[in-house]
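Peer 1: Spelled out, the chains give:
Number of protein chains: 2
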Amino acid sequence: MPARKTLWFALALTIASASDAADKPTTPAKSRALADILTAAPASDWRDLDPANTMVMDLPGGTVVIELAPLYAPQHVANIKTLVHEHYFDGTAVIRSHDNYVSQWGDPSEDVEGSVPKPLGSAKATLPPEFTAPISAKMPFTRLPDGDVYAPQVGFSGGFPVARDPRAKTTWLTHCYGAVGVGRGLELDSGNGASLYAVIGHSPRHLDRNIAVVGRVVQGIEILSSLPRGTGPLGFYEDAKQYVPISSVRMESEVAPEKRLHLQVMRTDSASFAAVAEARRNRRDDFYVVPAGHIELCNVQIPVRTAP
Amino acid sequence: MPARKTLWFALALTIASASDAADKPTTPAKSRALADILTAAPASDWRDLDPANTMVMDLPGGTVVIELAPLYAPQHVANIKTLVHEHYFDGTAVIRSHDNYVSQWGDPSEDVEGSVPKPLGSAKATLPPEFTAPISAKMPFTRLPDGDVYAPQVGFSGGFPVARDPRAKTTWLTHCYGAVGVGRGLELDSGNGASLYAVIGHSPRHLDRNIAVVGRVVQGIEILSSLPRGTGPLGFYEDAKQYVPISSVRMESEVAPEKRLHLQVMRTDSASFAAVAEARRNRRDDFYVVPAGHIELCNVQIPVRTAP
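Residue numbers (the working numbering), protein chains in the order written: chain V, 1 to 308; chain E, 309 to 616.
Next up, chain V with everything else stripped away, as it sits in the complex (with noise of 0.2 Å):
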């Protein structure tokens, strides 16, 4: 008799902790396919991340590593990484925490009636929307047949969940869980980076678009979506002391290297991905008596794992 007799039922939904699962005495046999897709997955089924990509951002409770997606936000992306190699981001908080739905972090001043915002030193105060992208032969699209209330077609770019209108020629990032988008205010053209956030909810779609994604939390959602929630409205902290600081926010790149984290993520064009999603589209565990059938988009989990 197992110890935890209602484990099962989620078992393998962790994809990054689903090799750790395969080392558990209390796993059935059957719930590892998942775990053995990635245990067989060939090394060119998995890439590095590009550490010049890779933006790593320190809180008190541990390290959020987030994958830029310049080929979707080219300009977004370039005066984020002009503000981190600057080091704006350092000594700025999450201020920001609404259930079903985002962490938001940036100048906390920006939340004071009066004060002086954080200089933005090189970085652009406006950028043009790149809420969508045009479609091009750049950007790779590994479609999922399963469907979207949203969009005409999703599926996955170079290691991103995405979505594309084809009539219309465009394709943009999606706000699953754990994407990264860029705070505007009613201006288009008035978010430049300075004032980011998590999806840490069901994923809001409505706001594909909108406005500019930039990325993914590859690793770390978890200490983003536990903050306290905020209790002004729509989620800010409404006491300064509730700020939850960032110490330091680096390119991967600057990262001194046996310091960095050589994290791999796998390759969303490989046979080891559609076999990923395939396991979670029609679980195989013992537990199941109904398979889905079909995924949303925002359901299949991405592997990452540390560079072995």
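Hints may contain errors.
Said to hold, decoys possible - Residues from chain V that keep clear of chain E, each with C-beta distances beyond 10 Å, as calculated: (1) D36; (2) D50; (3) T142; (4) H202; (5) P245; (6) L261; (7) A292; (8) N299; (9) P308.
Unchecked claim - Sample of chain E residues at the chain V side, in silico, Cβ under 7 Å: (10) T371; (11) G455; (12) R517; (13) H602; (14) E604.
Bear in mind the hints are in silico, worked out from the structure with no lab data behind them.
Positions of the beta carbon are idealized from the N, C-alpha and C atoms, including for glycine.
The hints should help you fit chain E onto chain V, whose structure is shown.
Peer 2: Okay, now just chain E, sitting in the frame of chain V:
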């Protein structure tokens, strides 16, 4: 210039706080559509929660209120009520917080090899699986026209997000954010309601039809969703010190009348609720350049308020 230039993008997301937001000077006029709907809704578009089906759970962080759905899982709901009446849950704990998935609570000793489980009292130890229910005329159904990746039909029934398969003549409560389900082992009859979980991430709809859903959190989900994540496999807390103690669980009908919460939920078959769904399907405030045009079942939040 608004104090928070990045505030707008989330406007009116949390329906429960929409009426608060309407009082804030920083809320632009057009974004009040949702608050206006709530304000204008006639009393007949709201229903009082039935105290006999309302479960009130006290945690250190506050009170979680769960509405049970006896039409969909009658035997499970009856067993849970028996457990509550006999104060089974007093002294139990949240033992699991699995990021982007579920928080789970119950008898912590279940987690300890060789320990004696807490006696179930008059409650049954096993129950027939109530993972789906036959469609019956007793069950209201207001269909959402936006489609769904997982089921032929989705919509709302008496305040709960549900799916239907007209061919199989079955219906089921869906695993939307805040859904409450019954942990079980591999045996289909092994769930009894002594171990419960609530969804705290992107809705894990693959669990639909594989486990008994018994209701949903109508207030206080943020107390469960913001708990520190467990670092054991599947988000179980590894150390008993991490357990989050549950001091008491009562049915609202057992609470002294002057201490009752008197919550009301918008009727999901009302014109006001249809207007809410439409306001969220096509955002009207100035922030949005592209209204989504569609909405996922689990992105329609059901308004809850304290009875006026």
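Peer 1: Hint by hint, note whether the structure agrees.
Peer 2: Status of each hint after checking the structure:
1. Even its closest Cβ contact with chain E, about 17 Å, leaves D36/V beyond 10 Å, as expected for a residue assigned away from the interface.
2. No Cβ of chain E approaches the Cβ of D50/V within 10 Å, the least distance being about 25 Å, so the stated non-interface status holds.
3. The claim that T142/V lies off the interface holds: its Cβ sits roughly 17 Å from the closest Cβ of chain E, which is beyond the 10 Å cut-off.
4. A Cβ of chain E approaches the Cβ of H202/V within 10 Å, the least distance being about 5 Å, so the stated non-interface status is violated.
5. Annotated as non-interface, P245/V keeps its C-beta farther than 10 Å from every C-beta of chain E; the closest such distance is 18 Å.
6. Distance check on L261/V: its Cβ is at least 18 Å (rounded) from any Cβ of chain E, clearing the 10 Å threshold; non-interface status holds.
7. Listed as a non-interface residue, A292/V fails to keep its Cβ farther than 10 Å from every Cβ of chain E; the least gap is roughly 4 Å.
8. Interface exclusion of N299/V from chain E breaks down, the closest Cβ pair being 6 Å apart, not more than 10 Å.
9. A cut-off of 10 Å between C-beta atoms confirms that P308/V is not in contact with chain E; the least separation is 21 Å.
10. Annotation: interface hint on T371/E violated; nearest CB of chain V at approximately 15 Å, more than 7 Å.
11. The interface hint given for G455/E is met, as the beta carbon of that residue sits about 6 Å from the closest beta carbon of chain V, less than 7 Å.
12. For R517/E, the suggested interface contact is upheld, since its CB lies about 4 Å from the closest CB of chain V, less than 7 Å.
13. For the restraint placing H602/E at the interface with chain V, the shortest Cβ-Cβ distance is roughly 5 Å, inside the 7 Å limit, so the hint holds.
14. Among the interface hints, the one on E604/E holds; its C-beta lies about 5 Å from the nearest C-beta in chain V, closer than the 7 Å criterion.
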